[in-house]
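K.L.:
Letter by letter, the chains look like this.
There are 2 protein chains.
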Amino acid sequence: MTGSRQTSLTFYHAWSSSASRKVRLCLAEKGLTYVGKALDLGRFQHHSAWYKALNPSGIVPCLLVDGLALVESNLIDEYLDEAFPEPALMPDDPAARYEVRRWSKYVDDVCLPAVQKPNWTRSMYPIAKLWSDAELEQRLAAIPTQERRDLWRRMARNPFSEAEIDAALDILEDMTLRIEAYLENSSGPWLFGHRLTLADLHAAPYVIRFEEERPGRLRPLTARWWDALRARPSWSTAEIGSYEDDSARTAAEAIKDPA
Amino acid sequence: MTGSRQTSLTFYHAWSSSASRKVRLCLAEKGLTYVGKALDLGRFQHHSAWYKALNPSGIVPCLLVDGLALVESNLIDEYLDEAFPEPALMPDDPAARYEVRRWSKYVDDVCLPAVQKPNWTRSMYPIAKLWSDAELEQRLAAIPTQERRDLWRRMARNPFSEAEIDAALDILEDMTLRIEAYLENSSGPWLFGHRLTLADLHAAPYVIRFEEERPGRLRPLTARWWDALRARPSWSTAEIGSYEDDSARTAAEAIKDPA
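Which chain is which? The protein sequence lines are A and B, in order. Reminder that position 93 of the first sequence reads as 93 in my numbering, one-by-one numbering, no gaps. Reminder that position 55 of the second sequence reads as 55 in my numbering, one-by-one numbering, no gaps.
Hints are computed from structural coordinates only; laboratory data are not their basis. Bear in mind that the values here come from a model prediction, so they are computed numbers and not experimental data. It cannot be assumed that every hint is accurate.
Since the list gives no way to pick out one identical chain from another, each pair is judged satisfied if it fits inside one copy or across any two copies.
Below, simulated DSS-like cross-link-like pairs (lysine-lysine); rule was C-alpha separation at most 27 Å, straight line [as the list claims (entries may be wrong)]:
# : residue 1 : residue 2
1 : K52       : K37
2 : K105      : K52
3 : K30       : K105
Only chain A is shown next, with the shape it has when bound in the complex (with noise of 0.2 Å):
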């Protein structure tokens, strides 16, 4: 099966999801076809009892690759570029490819949390506080993880303050000049040199939300960057849009629930 353009790949994910911007990224840049189901989020798709029977975290992105469902964007995006070797998105080097993986682990571990902080409060805040406490309940008894219920809860009645938003936005600002350093000890256009890796594509997503809420910022190395990844048909490809267009895109055009 390995490398074969017959594999059967379908893909569960929200327009405006971080982490399935970062595998659509992935599957553009490899040319690789596969069935898209979007999923809205708003209504809460990802906690239901078909998609959890896939991902038992009730979490978006889901690969199903001839039907072995994969999870974690990370490891999903390794996954396809060892399944599907040409274009390579690693480098060669053993201690580069640490350097990509320990780079992909930042961004999930730091940056995924901090950019929920800005999203939840824009598309899940004014959904959400307008359940009763029953209501609530009903919510948070669908959600597998004590971590999602906790931040539903709070998301809930107690959002986010402009100060703690801010503080997840220096986060982000601290990435891009992370982004900048490593820009500058690069041989070539992206973070690991000549070669476009997953390390520049697990950072776009991230990107995106922090020129939107504070735009105009980006150091130039880091600027430059950022559009030569933006001109990439693989951006068109991978339909990243606005995050306000992709929330929208979200509730308008996801798929009926299986029967």
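Could you slot chain B onto chain A? The hints should help.
P.N.:
Below, chain B alone, put in the same frame as chain A:
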């Protein structure tokens, strides 16, 4: 440099640390020689300025490869597997490689926070409870991450209850049931078939602690797997002892702080 046995390896670790044990097992399976530097966690050498210059997170382990500091045990072991390919400790098939990474991430995200509760209660609370408030604040100031500062403050002033430790051991017991399920579906004696992989090595330190805290409860296939793992030459090369012995050794055999 890749794969060269001339590479210089210096390993900063603690004898009793689960993450350190994962890397010691991997180094032993690869037959690599290295300079070991054991830190005394009870004297907080991992929070010292000289160590944080190597690993800004102030946690063990850290592997210096020709001067490059690698952190995060899962990523260190994947680096070792790629830089020193023989014997291979990852499957060949991309889907199986994904499964090993997913398992390692689960161990890191779920089992590591669980094992900290009994471990810290046994080894750190007896130290931390004696601190004055001023001494506590001084210790906390040296800890570089909020998450770890919170853990230390909790430990010093509000130790985990027996119920919390029990819940943590339930998580480790669930891990052993997952191991049993993998073995039921495996084509060989290891989690992923006939080849020992990082999946086996990454689970081992957590099985040690589970067996010590709740002895004699491993399921049949897991018990056989566990015997086979401990019978390997790597087990003694990596100097894996009991938690109690390794904690005593940590205090007795630590390096001196560099001048």
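K.L.:
Hint by hint, note whether the structure agrees.
P.N.:
Consistency of the hints with the structure:
1. K52 / K37: within (15 Å within a copy, 45 Å between copies)
2. K105 / K52: For K105 and K52, the Cα distance is within 27 Å both inside one copy (24 Å) and across copies (19 Å).
3. K30 / K105: both (22 Å within a copy, 25 Å between copies)
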